[in-house]
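Peer 1: With the hints as your guide, set chain B onto chain A.
Protein sequences, first through last, are from chains A and B.
First residue of the first sequence? That's 1 in the UniProt record's numbering, and the numbers climb one at a time after it.
First residue of the second sequence? That's 1 in the UniProt record's numbering, and the numbers climb one at a time after it.
Hints were generated in silico from the structure; no laboratory data involved.
None of the values given here were measured: they were computed from a predicted structure.
The C-beta atom is built at its ideal place from N, Cα and C for all residues, glycine as well.
Wrong hints could be hidden among the right ones.
As the list claims (entries may be wrong) - Which residues of chain B face chain A? A few of them, derived with a C-beta cut under 8 angstroms, are:
#1 Gly103
#2 Pro123
#3 Gln141
Here's the letter readout for the chains.
2 protein chains.
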Amino acid sequence: MQVTQSHDVTGHVDFVGAGPGDPELLTLKAIKAFESADIVLHDRLISAEILQLAGKTAVLVDVGKAGFGPSWKQADIDALLVDYATKGQRVVRLKSGDPTVFGRLDEEIEAVEAAGVPWQIVPGITAASAAVASIGQSLTQRGRNSSVRFLTGHDMKGFADHDWNALARPGAVAAIYMGKKSARFIQGRLIMHGADRATPITLVENASRPDQRILATDLDRLPNDLSAAEMDGPTLTFFGLAPRHAVQALTEFKKEHA
Amino acid sequence: MQVTQSHDVTGHVDFVGAGPGDPELLTLKAIKAFESADIVLHDRLISAEILQLAGKTAVLVDVGKAGFGPSWKQADIDALLVDYATKGQRVVRLKSGDPTVFGRLDEEIEAVEAAGVPWQIVPGITAASAAVASIGQSLTQRGRNSSVRFLTGHDMKGFADHDWNALARPGAVAAIYMGKKSARFIQGRLIMHGADRATPITLVENASRPDQRILATDLDRLPNDLSAAEMDGPTLTFFGLAPRHAVQALTEFKKEHA
Chain A
1 MQVTQSHDVT
11 GHVDFVGAGP
21 GDPELLTLKA
31 IKAFESADIV
41 LHDRLISAEI
51 LQLAGKTAVL
61 VDVGKAGFGP
71 SWKQADIDAL
81 LVDYATKGQR
91 VVRLKSGDPT
101 VFGRLDEEIE
111 AVEAAGVPWQ
121 IVPGITAASA
131 AVASIGQSLT
141 QRGRNSSVRF
151 LTGHDMKGFA
161 DHDWNALARP
171 GAVAAIYMGK
181 KSARFIQGRL
191 IMHGADRATP
201 ITLVENASRP
211 DQRILATDLD
221 RLPNDLSAAE
231 MDGPTLTFFG
241 LAPRHAVQAL
251 TEFKKEHA
Chain B
1 MQVTQSHDVT
11 GHVDFVGAGP
21 GDPELLTLKA
31 IKAFESADIV
41 LHDRLISAEI
51 LQLAGKTAVL
61 VDVGKAGFGP
71 SWKQADIDAL
81 LVDYATKGQR
91 VVRLKSGDPT
101 VFGRLDEEIE
111 AVEAAGVPWQ
121 IVPGITAASA
131 AVASIGQSLT
141 QRGRNSSVRF
151 LTGHDMKGFA
161 DHDWNALARP
171 GAVAAIYMGK
181 KSARFIQGRL
191 IMHGADRATP
201 ITLVENASRP
211 DQRILATDLD
221 RLPNDLSAAE
231 MDGPTLTFFG
241 LAPRHAVQAL
251 TEFKKEHA
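Extracted from the complex, chain A is given alone in its bound form (with noise of 0.2 angstroms):
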């Protein structure tokens, strides 16, 4: 939403989308965004190839939730926001992904719109966007699944509930976001609710990242695979997709074997 400038002296705010990793799925708008900031307040996630794309004067702060130093919560970082706007800085909110989708957007939206400051959002690429095209899937295939799902394995309550019911049936296919400690109960919600244990699963870790990794395995056997995986990165958890070689692999088997 592009709010106009009051005035001269006014600062803004842009919510901007980093992509999952790699420098180049960022886009224009945002790497203009970047570019111009006067202080760019950023997650504990974003790569530091990402972050020497800043304007050589920019402040970066990490306002990350996790790591060493002081923790930040959230009515920090909306007040300082607020802060640097109002005194006519062009702040850049830097989120992975997009901000859109899980970057507890909402709250910051609030606190600077409170404030009367001006401010956008410039979307990114999601991870499930980068994850499923190194696999070399579509989130969306006609004949197979006309709908995708994108979830949290956390909310704010624990381990987060879903429509597990219509999850379970075939063809459904389900992008799940922070789904790595939540795996098994994931596991025990879908078979529960009728899902077939040779489900496809895969995981993306790092998705689009050198160091990007991908798991294939299935519903029945995800929490022992990704347990022996030692994924420590952001990973991206598809349920109901394998990564195209597989699926081809698993074709030519089954013609072989039938």
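Peer 2: This is chain B only, laid out in the frame that chain A set:
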């Protein structure tokens, strides 16, 4: 999926997401693929501003399925991709939005793969992402919805059927692609499954383009308001989301009249 070229004369195919229309919403990776392409096969809806970014010697071919001139069949497009790539050309197959989201990508990948042509997917900003940014909302929000669905209004059998029961629940959010013609069908199904007639619905026509229009309505008024608005461009329908300022206005209205 990056596949190494076997030898120098082999061409390749990049399936590239052009984003929703604003050239600034292209990724750097898309632009690089585009600038170095020998031939670009593009959908009908790709804007002239984006096509101008192709290298000066690139051949542009509109393989859109509507409009004047001979109609392109999917098999013809598949054959053309393979034909150019096996002649050593760098082919870009440019699709609106993100090619993995309702992009009808798989048949083309299968054709290219069967011919042994290297290929990759370059993700793009999907229409839902740009459209939700334009109304200042998030696709997901803590405490409201821990999942979001991307649906299509049409599938191969006509109006697409979905898990209406789950969608009809309070707080559900969906981004409906190609939802204009099926608006009355969707309305009927959702109301039949108990959805609140006052559920906010927002339509964004030509998201991110200069001629973008936003229509804020609700489930009850959807067919009539949509008909009156005469939206001809590609339109994204949000179920369960109102534009941020309309949300605020409504909250203030309710406060004043409480």
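Peer 1: All hints are to be evaluated individually against the structure, with a verdict given for each.
Peer 2: Okay, the hints, checked on the actual structure:
1. Gly103: At 6 angstroms from the nearest chain A Cβ, Gly103/B passes the 8 angstroms test, so the hint holds.
2. Pro123: 4 angstroms, holds
3. Gln141: 5 angstroms, holds
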